[in-house]
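Protein sequences, first through last, are from chains A and B.
Residues in the first sequence are numbered consecutively from 0, following numbering that gives the first Met the number 0.
Residues in the second sequence are numbered consecutively from 0, following numbering that gives the first Met the number 0.
Accuracy of the hints is not assured; some may be wrong.
[Stated by the list, open to error] Which bits of chain A does chain B cover? Going by a derived footprint, with three or more residues having C-beta under 8 Å, they are:
| # | stretch |
| --- | --- |
| 1 | 47-59 |
| 2 | 113-126 |
[Unchecked claim] Straight-line Cα separation of at most 20 Å, PhoX-like style, residue types lysine-lysine; simulated pairs:
| # | chain 1 | residue 1 | chain 2 | residue 2 |
| --- | --- | --- | --- | --- |
| 3 | B | Lys28 | A | Lys10 |
| 4 | B | Lys92 | B | Lys17 |
| 5 | A | Lys4 | B | Lys17 |
| 6 | A | Lys170 | B | Lys186 |
| 7 | B | Lys42 | B | Lys28 |
| 8 | A | Lys191 | B | Lys92 |
| 9 | A | Lys10 | B | Lys17 |
| 10 | A | Lys170 | B | Lys42 |
Please keep in mind that the hints were generated in silico from the structure rather than gathered at the bench.
Glycine included, each C-beta is placed from N, C-alpha and C at the ideal position.
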Amino acid sequence: MFAEKVIELLKEAERNPVTIDPFNDDKIRQILEEMQTLFRMNMNDANATTENKSLWTTVQVRHSALERNKRCLLAYLYSRMAKIKTLRWEFGAILPADVRELLSDDEYEWFTKYSMNLASYMRSLGQDIGYNGIDLTENLKPPKSLYIEVLCMADYGKLELEDGDVILLKKNSRHFLPTSECQTLIRQGILKQIS
Amino acid sequence: MENSGYLSISDILVTNEKIPCKFLHDLPKMGFLDPSASEDDLKAGTNVEIPLWLAESLHSRRPPLVAVDLPKIYKDSYREILNADACTVDMHKLSQYFYEFGCYIAKHDIKGEVSNTLINTFRQRFRMLLSASVSTDSVGAIQPLSVSERLQAAAAANTEKALSEWLQRGDSILTTANMVANHRKRKRAEMEMH
Numbered sequence: 000m001f002a003e004k005v006i007e008l009l010k011e012a013e014r015n016p017v018t019i020d021p022f023n024d025d026k027i028r029q030i031l032e033e034m035q036t037l038f039r040m041n042m043n044d045a046n047a048t049t050e051n052k053s054l055w056t057t058v059q060v061r062h063s064a065l066e067r068n069k070r071c072l073l074a075y076l077y078s079r080m081a082k083i084k085t086l087r088w089e090f091g092a093i094l095p096a097d098v099r100e101l102l103s104d105d106e107y108e109w110f111t112k113y114s115m116n117l118a119s120y121m122r123s124l125g126q127d128i129g130y131n132g133i134d135l136t137e138n139l140k141p142p143k144s145l146y147i148e149v150l151c152m153a154d155y156g157k158l159e160l161e162d163g164d165v166i167l168l169k170k171n172s173r174h175f176l177p178t179s180e181c182q183t184l185i186r187q188g189i190l191k192q193i194s
Numbered sequence: 000m001e002n003s004g005y006l007s008i009s010d011i012l013v014t015n016e017k018i019p020c021k022f023l024h025d026l027p028k029m030g031f032l033d034p035s036a037s038e039d040d041l042k043a044g045t046n047v048e049i050p051l052w053l054a055e056s057l058h059s060r061r062p063p064l065v066a067v068d069l070p071k072i073y074k075d076s077y078r079e080i081l082n083a084d085a086c087t088v089d090m091h092k093l094s095q096y097f098y099e100f101g102c103y104i105a106k107h108d109i110k111g112e113v114s115n116t117l118i119n120t121f122r123q124r125f126r127m128l129l130s131a132s133v134s135t136d137s138v139g140a141i142q143p144l145s146v147s148e149r150l151q152a153a154a155a156a157n158t159e160k161a162l163s164e165w166l167q168r169g170d171s172i173l174t175t176a177n178m179v180a181n182h183r184k185r186k187r188a189e190m191e192m193h
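Okay, chain A solo, but in the shape it has when bound (with noise of 0.2 Å):
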């Protein structure tokens, strides 16, 4: 039957619809191959049609199956782009080894610019009223409190303030800090707010 491998890759997708699995190049291969079979096929049935013009039936049916494949890997391949997005907003700028992985060079490639286009339009706002920009990925909630109780829940090794004192952030230590300067590692996992 046609189309059976890539409805297998997007099986898999949609069975993680939270986090990004590792691009599947080796599915993606064998599905370009059969597009392509399909193609060839097509090719010497088409010209052949000139005897037989029942051939005309087959062509039509490998074409619609060829539609379909490529329709299957542009959904595959669009739905990974808007996790990647969201990698950009929740991870940061800078993706940990272990996710940077997962990604595809071109997807890696994609990233970056998206990331820089994020950086220059964020850097361009409120510059008309003498400010330098915005971090849109901070205050994604109204700050509550000027100083936030946190846990720390890896070692992340030392972390300097804006007033200039460094503090040493280990696993399970308990630090009484600033909203501003630690929301960003609270949405990266690396503190937790304990109310």
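Assemble chain B onto chain A, guided by the hints.
For chain B alone, coordinates are given in the frame of chain A:
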């Protein structure tokens, strides 16, 4: 819109469901479409179940290559069950994409009965959906729901949870981003497996 988009994965999975069709022309070399046939060619007049995407595409050709028939779940016998009491039906087993698939099928139903059944079914099952979204026994309540019903139940449960949190605290603590948290969880699960 989400469901009819060219790039929508859920629409692709819906159009992968099988539908019975009758071929109106001979198809040379396409014998493999019919699992019971032994010849290389598919003869006009053969009845075969093919995926919806292929049927739609062949039906829209001039002249149409296939005549589309109704899948059995949308036929009289099942329609009677659905009209009598739709809540007894386990959609997950019977037809995972009942509503979405039905929207495609309704176009091929001249009498227009399929579309009525769809609305009727949803109207009857709505209460079931509502109770599934507030139920604590989530596995048992969610089991008989179709894919889109499950999504709606999950969305309703999330909204309910967010509302009650907001009512209690009036304040929300900062949390880890969704994808980051899920990535961690998965990695931990993989580590434990090895």
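Tell me if chain B covers the stretch 47-59 of chain A under the three-residue, 8 Å CB rule, please?
Our answer is that it holds, as 6 residues pass the Cβ test (under 8 Å) against chain B, meeting three.
CA of lysine 191 (chain A) to CA of lysine 92 (chain B), is that 20 Å or under?
It is violated: about 42 Å lies between the C-alpha atoms, which goes past 20 Å.
Regarding the pair lysine 42 (chain B) and lysine 28 (chain B), is the alpha-carbon distance no greater than 20 Å?
Cα-Cα ~10 Å, so holds.
Hey, lysine 28 (chain B) versus lysine 10 (chain A), does the alpha-carbon distance stay inside 20 Å?
Violated, because 30 Å separates the two Cα atoms, which is more than 20 Å.
Is the hinted pair lysine 170 (chain A) and lysine 186 (chain B) satisfied, with a Cα-Cα distance of at most 20 Å?
19 Å, holds
Please count how many residues of the stretch 113-126 of chain A have a CB within 8 Å of a CB from chain B and say whether that reaches 3.
violated (count 0)
Is lysine 4 (chain A) close enough to lysine 17 (chain B), meaning Cα to Cα at most 20 Å?
16 Å, holds
Hint consistency between lysine 170 (chain A) and lysine 42 (chain B) [alpha-carbon to alpha-carbon, up to 20 Å]:
Violated, at about 71 Å.
Satisfaction of hint between lysine 17 (chain B) and lysine 10 (chain A), Cα-Cα up to 20 Å:
17 Å, holds
20 Å Cα cutoff - pair lysine 92 (chain B), lysine 17 (chain B)
The given pair, whose Cα atoms are some 15 Å apart, holds under the 20 Å limit.
Consistency with the previously given hints fails for numbers 2, 3, 8 and 10, ordered from lowest to highest.
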